[in-house]
Amino acid sequence: MSSNTVDTDQMDSQLTTSGETAEDIEDAWSDYQFQGEAKLSVEDLDVYYGDEQAIQSVSMNIPEESVTALIGPSGCGKSTFLRCLNRMNDRISSARVEGSVEFDGENIYGGRTNLVELRKRIGMVFQAPNPFPKSIKDNISYGPRKHGDLETGLLPSLLGRDDTAEEMDLVERCLKQAALWDEVNDRLDDNALGLSGGQQQRLCIARCLAVDPDVILMDEPASALDPIATAKIEDLIEQLAEEYTVVVVTHNMQQAARISDQTAVFLTGGELVEYDDTEKIFENPESQRVDDYITGKFG
Amino acid sequence: MSNATETELRAGHSTLGRQVALPVLGLAFLTFLATWATTFQWIDETRTVLGMTVLTLFGVALLLMAAGVAGIGVLSRFGFLDTTPSPTAGLPVGIVFGTLWAFIGMAVSLQYIGNTIVYWGPIAFVLGAVGLLTATLPREDIGSTVPSAVLLAVLGGLIVAGVLDATWVYEAEWTGAIFPGSELIPLLVSVATLLGVWSAGKAKEGFGAQGREVGAFYIIGTVVFSMLSVLALLIWFIVKNGLDTFLTGASLTGGHLNVPFASISFPFIEVPFVTNVTGSLFVETPGVMPAVVGTLWLVFGAVLFAVPLGVGAAVFLTEYADQGRFTQVVEVATNGLWSTPSIVFGLFGLAFLVPRISGGNSIFVGQLVLGFMLLPLVLITSWESIKAVPDEYRDASAALGVSKWQTIRSVVIPAAMPGTITGVILGVGRIAGETAPLLLVFGGAPYPSKSPNVVGQFSFSTEPPFITNQALLEPASALPYQLYATITAGVFPRPEIYSNQEFGWGTALVLLLVVLGLYAIGVASRLYFRRKLHYE
Numbered sequence: 001m002s003s004n005t006v007d008t009d010q011m012d013s014q015l016t017t018s019g020e021t022a023e024d025i026e027d028a029w030s031d032y033q034f035q036g037e038a039k040l041s042v043e044d045l046d047v048y049y050g051d052e053q054a055i056q057s058v059s060m061n062i063p064e065e066s067v068t069a070l071i072g073p074s075g076c077g078k079s080t081f082l083r084c085l086n087r088m089n090d091r092i093s094s095a096r097v098e099g100s101v102e103f104d105g106e107n108i109y110g111g112r113t114n115l116v117e118l119r120k121r122i123g124m125v126f127q128a129p130n131p132f133p134k135s136i137k138d139n140i141s142y143g144p145r146k147h148g149d150l151e152t153g154l155l156p157s158l159l160g161r162d163d164t165a166e167e168m169d170l171v172e173r174c175l176k177q178a179a180l181w182d183e184v185n186d187r188l189d190d191n192a193l194g195l196s197g198g199q200q201q202r203l204c205i206a207r208c209l210a211v212d213p214d215v216i217l218m219d220e221p222a223s224a225l226d227p228i229a230t231a232k233i234e235d236l237i238e239q240l241a242e243e244y245t246v247v248v249v250t251h252n253m254q255q256a257a258r259i260s261d262q263t264a265v266f267l268t269g270g271e272l273v274e275y276d277d278t279e280k281i282f283e284n285p286e287s288q289r290v291d292d293y294i295t296g297k298f299g
Numbered sequence: 001m002s003n004a005t006e007t008e009l010r011a012g013h014s015t016l017g018r019q020v021a022l023p024v025l026g027l028a029f030l031t032f033l034a035t036w037a038t039t040f041q042w043i044d045e046t047r048t049v050l051g052m053t054v055l056t057l058f059g060v061a062l063l064l065m066a067a068g069v070a071g072i073g074v075l076s077r078f079g080f081l082d083t084t085p086s087p088t089a090g091l092p093v094g095i096v097f098g099t100l101w102a103f104i105g106m107a108v109s110l111q112y113i114g115n116t117i118v119y120w121g122p123i124a125f126v127l128g129a130v131g132l133l134t135a136t137l138p139r140e141d142i143g144s145t146v147p148s149a150v151l152l153a154v155l156g157g158l159i160v161a162g163v164l165d166a167t168w169v170y171e172a173e174w175t176g177a178i179f180p181g182s183e184l185i186p187l188l189v190s191v192a193t194l195l196g197v198w199s200a201g202k203a204k205e206g207f208g209a210q211g212r213e214v215g216a217f218y219i220i221g222t223v224v225f226s227m228l229s230v231l232a233l234l235i236w237f238i239v240k241n242g243l244d245t246f247l248t249g250a251s252l253t254g255g256h257l258n259v260p261f262a263s264i265s266f267p268f269i270e271v272p273f274v275t276n277v278t279g280s281l282f283v284e285t286p287g288v289m290p291a292v293v294g295t296l297w298l299v300f301g302a303v304l305f306a307v308p309l310g311v312g313a314a315v316f317l318t319e320y321a322d323q324g325r326f327t328q329v330v331e332v333a334t335n336g337l338w339s340t341p342s343i344v345f346g347l348f349g350l351a352f353l354v355p356r357i358s359g360g361n362s363i364f365v366g367q368l369v370l371g372f373m374l375l376p377l378v379l380i381t382s383w384e385s386i387k388a389v390p391d392e393y394r395d396a397s398a399a400l401g402v403s404k405w406q407t408i409r410s411v412v413i414p415a416a417m418p419g420t421i422t423g424v425i426l427g428v429g430r431i432a433g434e435t436a437p438l439l440l441v442f443g444g445a446p447y448p449s450k451s452p453n454v455v456g457q458f459s460f461s462t463e464p465p466f467i468t469n470q471a472l473l474e475p476a477s478a479l480p481y482q483l484y485a486t487i488t489a490g491v492f493p494r495p496e497i498y499s500n501q502e503f504g505w506g507t508a509l510v511l512l513l514v515v516l517g518l519y520a521i522g523v524a525s526r527l528y529f530r531r532k533l534h535y536e
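Sequence lines, in order, name chains A and B.
FYI, in this note's numbering the residues of the first sequence are 1 to 299.
FYI, in this note's numbering the residues of the second sequence are 1 to 536.
In short, the hints are calculated from the structure, not lab data.
Any given hint could be a false lead.
Stated by the list, open to error - Subject to a maximum C-alpha distance of 30 Å in a straight line, what follows is the list of computed BS3-like cross-link-like pairs (lysine-lysine): (1) Lys387/B <-> Lys404/B; (2) Lys404/B <-> Lys137/A; (3) Lys240/B <-> Lys387/B; (4) Lys137/A <-> Lys232/A; (5) Lys176/A <-> Lys137/A; (6) Lys532/B <-> Lys176/A; (7) Lys232/A <-> Lys280/A; (8) Lys297/A <-> Lys280/A; (9) Lys137/A <-> Lys532/B; (10) Lys387/B <-> Lys137/A; (11) Lys532/B <-> Lys404/B; (12) Lys240/B <-> Lys450/B.
In this text, all values refer to a predicted model and were calculated from it rather than measured experimentally.
Produce the complete structure using the sequences and hints provided.
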């Protein structure tokens with residue numbers, strides 16, 4: 001069990017893992033040892049919206065095939081941080097990002113990054129369910145189709161390259177993975193906007209799975225849903241972590257405690273205060289501020 | 001009740017008040033309908049009903065309404081009815097009644113005393129002041145019933161007494177037109193019933209806030225009804241005048257529907273006025289086929305030109321351009337272009353396009369000019385509807401690694417389609433009926449003997465642009481153009497079959513049908529996209 005706090009006294013952090021070295025102490029993040037390899041590793045990330053700093057020098061490693069929860073009060077920058085991981089912040093013209101995010105060892109802010117490829121491999125699920133106003137089937141096959149992985153229609157079938165069968169397999173596989181197949185398999189051609197909120201959110205997860213990502217980023221995926229739909233999404237997240245690297249932003253601390261393997265706590269000003277195994281964060285956090293936040297004295 | 005702002009929780013629902021107000025409302029509504037029917041001449045105003053002419057009956061109805069409304073007001077004021085009136089009916093009501101009373105004073109003094117301001121000025125002023133004070137000074141139950149009851153009673157009394165009847169004519173000095181009583185009286189009665197409805201509606205709910213609510217509801221309802229009536233009058237007038245021409249020689253089974261390549265033909269509906277050419281000497285019933293075809297080609301070409309350009313510009317302005325001074329300037333300029341008079345577009349086409357493209361009037365230049373006119377509206381509406389596409393769709397698509405252009409093509413534009421089509425519908429309605437620019441750049445012989453054969457005239461050539469179409473470079477006729485030519489020409493070439501007016505009305509009816517048909521196509525395609533997008 002290891003731990004680290006990244007506030008003003010981060011150099012005093014306690015290192016109890018075996019094999020710690022001098023470099024470990026210098027590099028504040030290599031000391032948190034988790035199972036598995038780092039999928040994403042963030043170094044000194046600063047984000048500004050205009051003149052306002054939203055993220056202050058955050059560094060953390062995110063392990064693969066696990067659930068990492070980002071918690072913190074509103075406006076603490078956890079969603080901004082999440083959107084940095086697949087460069088969705090590029091879409092906000094006033095946002096400026098400094099620092100580096102390495103994905104499988106490659107810096108995605110290093111220039112010449114292929115955004116299409118990056119976002120295929122790091123998918124995202126948003127707070128409000130946002131299926132396209134298309135059929136359930138078309139929602140799933142939208143990504144692969146646009147990437148040219150699926151070709152259906154008149155011209156491909158004339159050329160003998162019709163992927164209708166593959167498309168149906170893909171739709172079935174993704175909907176099953178997202179635990180939605182049993183509820184919608186008889187109406188795949190119906191418009192997705194006719195589904196309930198929870199079903200729409202699972203459809204969005206299935207749509208994200210269809211492009212075969214390595215990492216799935218989720219921005220408060222259950223905050224707009226009722227408790228039953230939330231429970232389904234939570235089960236789903238835990239299952240997905242067997243194959244994918246999942247990063248979840250949540251307001252709900254019980255949810256973070258239930259589903260995540262490690263938890264990062266952001267506090268006001270875009271500062272990453274503590275990042276550790278979820279159990280440790282919720283039972284025995286290093287920082288007094290995190291303890292106050294978790295016990296409800298603050299935030 | 002001592003305090004003005006204190007109202008009982010339960011509004012007063014006097015049974016007697018309602019029992020009087022409801023028949024008054026019903027009577028007012030019936031009278032209102034009857035006045036419109038008379039205006040449309042569905043009811044002959046000289047007809048005798050219950051021993052009276054229709055106009056006299058209107059007068060009696062007004063008197064009854066006046067009695068009922070005033071009765072409720074007075075009974076309520078003296079406490080016989082359980083109502084909840086405000087202390088005053090309010091200044092706006094007072095101003096309305098003051099003005100109406102002043103008009104009555106003016107009219108009566110002009111009629112009986114003389115056309116001198118020294119006489120009618122003071123009388124109008126005094127009556128106006130009395131109307132204003134009657135409406136504002138007493139409690140609301142008097143203020144909103146008695147002034148209108150007096151107006152109803154005066155008008156009704158004049159009609160019943162025979163001062164105003166079908167033979168009465170208002171000959172004004174300020175206009176050459178004359179207003180026969182048979183047309184003017186129904187209109188006056190119709191306005192008076194609105195007052196009656198308002199008063200009776202308020203009275204029915206026992207005045208106060210609820211009464212005002214109901215009064216406003218009835219007034220708005222009747223205004224909407226009047227608007228629809230005006231619309232119906234317009235369409236009915238065109239249909240009535242054009243139907244005879246339209247149906248000349250028409251029969252249900254007289255025509256033939258030929259099956260292509262099979263030399264079989266079925267009996268079919270025959271409407272020669274629509275299917276025949278106009279000018280040939282050998283045609284039995286001259287028709288408007290060339291003009292219909294011309295109009296359809298014009299609209300088709302204009303839409304083909306304007307929609308891709310407009311939607312493309314809208315995509316650039318929303319998705320690519322920085323929102324700022326530039327887009328604002330474009331928006332203002334586009335709105336200005338939409339308000340530019342069509343003759344200006346026509347003049348531009350005549351001076352710039354005609355010499356460069358066809359050297360004379362032609363369908364193609366007509367299509368371009370109408371396309372220019374359609375462009376700003378298509379741009380404005382598709383701009384608005386692309387802006388209204390939720391950003392969530394764009395985010396979701398970007399997060400799947402789909403490029404911006406693909407997102408625009410497969411998510412944004414389909415979602416904006418219904419709004420864009422609405423714009424095209426509105427624009428097509430305008431350009432299909434456009435006449436002024438066509439006079440300058442498009443029109444040929446007003447009574448053509450053949451339809452423009454655009455489809456059959458495409459031919460390849462050895463010099464640029466390699467595909468030419470002679471029919472597109474020749475003038476033709478369009479329905480509004482032909483209508484204008486017919487009305488102004490004086491003599492129709494076949495006076496033994498149609499007079500000018502008959503042919504004109506028939507053309508107008510066909511134009512109306514063509515525009516409605518285009519409108520129906522637009523609405524149907526919008527419905528299709530909305531269904532597809534699950535918006536309804």
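Hints versus structure:
1. About 15 Å separates the Cα atoms of Lys387/B and Lys404/B, which keeps this hinted pair within 30 Å; it holds.
2. In summary, the hint linking Lys404/B to Lys137/A is supported, as the alpha carbons are separated by about 22 Å, within the 30 Å threshold.
3. At roughly 44 Å between alpha-carbon atoms, Lys240/B and Lys387/B are farther apart than 30 Å, so this suggested pair is violated.
4. Of the supplied pair hints, the one linking Lys137/A and Lys232/A holds, its CA atoms being roughly 21 Å apart against a limit of 30 Å.
5. Straight-line distance between C-alpha atoms of Lys176/A and Lys137/A comes to about 13 Å, which keeps the hinted pair within the 30 Å bound.
6. With a CA separation close to 26 Å, the supplied pair Lys532/B and Lys176/A stays within the 30 Å bound.
7. Our distance criterion of 30 Å between C-alpha atoms is met by Lys232/A and Lys280/A, whose separation comes to about 26 Å.
8. Taking the CA atoms of Lys297/A and Lys280/A, the gap is about 19 Å. The hint holds against a cut of 30 Å.
9. The straight-line distance between the Cα atoms of Lys137/A and Lys532/B is roughly 14 Å, inside the 30 Å bound, and the hint therefore holds.
10. This hinted pair checks out: Lys387/B and Lys137/A have alpha carbons roughly 27 Å apart, not beyond 30 Å.
11. Of the pairs offered as hints, the one joining Lys532/B and Lys404/B holds, with about 23 Å between alpha carbons and a cut-off of 30 Å not exceeded.
12. Simply put, Lys240/B and Lys450/B have alpha-carbon atoms about 28 Å apart, close enough for the 30 Å limit, and the pair holds.
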